[in-house]
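Asker: Quick note on my numbering: the sequence shown kicks off at 1 and runs consecutively.
The hints are simulated quantities; they were obtained by calculation from the structure and are not laboratory data. Where is the CB? At the ideal position from N, CA and C, for every residue including glycine. Any given hint might turn out to be false.
Said to hold, decoys possible - Ranges of calculated distance between the beta carbons of each label pair, as one might list FRET restraints:
{"#": "1", "residue 1": "P93", "residue 2": "E49", "range": "18 to 28 angstroms"}
{"#": "2", "residue 1": "M15", "residue 2": "P93", "range": "32 to 42 angstroms"}
{"#": "3", "residue 1": "D73", "residue 2": "A20", "range": "44 to 54 angstroms"}
{"#": "4", "residue 1": "E76", "residue 2": "R54", "range": "45 to 55 angstroms"}
{"#": "5", "residue 1": "M15", "residue 2": "R60", "range": "17 to 27 angstroms"}
{"#": "6", "residue 1": "P111", "residue 2": "E23", "range": "47 to 57 angstroms"}
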Amino acid sequence: MAWYWAVPSAQYASMEELRADRENQRRSEGAIRVSLNSRVPTPAQSNAEAVALRRDLGPRFRIGCLRAFVASDDPEDRLYLSYQFSLDPSDYPPELQAEVEMAGRIAAADPEHYRHG
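Please build the complete structure, drawing on both the sequences and the hints.
Answerer: Listed below in structure tokens is the structure:
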């Protein structure tokens, strides 16, 4: 590879470290390839934030996939979406029970396609 296409790289242990370094760089310094070093442990606080975010977004994602599954007529989309939610009524609030039942009927109509587990 020609030196012309080479881009210097740097590894950072955290996003905060990366952001701090980028703020101190001058725009004229050119491009730099950056990455997070997976061998450096992530601070516990960041892990807690990620767990809290997943706890908050997980149910929303599951509900969105359920609704998209029911609304879609495309078998490939439905197959993909079917892996992203459950048909367990206890996973959903009472106002979504009709959609859970509809998804169950769709899956039951094509058991070979939607047999998971």
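Asker: It remains to establish, for every hint, whether it holds in the given structure.
Answerer: Quick rundown of the hints versus the structure:
Hint check: P93 to E49, Cβ distance near 25 angstroms, so the stated range 18 to 28 angstroms holds. Separated by about 34 angstroms at the C-beta atoms, M15 and P93 satisfy the suggested range of 32 to 42 angstroms. The supplied range of 44 to 54 angstroms is met by D73 and A20, whose beta-carbon atoms lie about 49 angstroms from each other. Evaluation of the 45 to 55 angstroms hint for E76 and R54 yields a failure: the beta carbon distance comes to about 27 angstroms.
At roughly 23 angstroms, the beta carbons of M15 and R60 sit within the given window of 17 to 27 angstroms. The supplied range of 47 to 57 angstroms is met by P111 and E23, whose beta-carbon atoms lie about 56 angstroms from each other.
Against the hints set out earlier in the document, a violation occurs for number 4 only.
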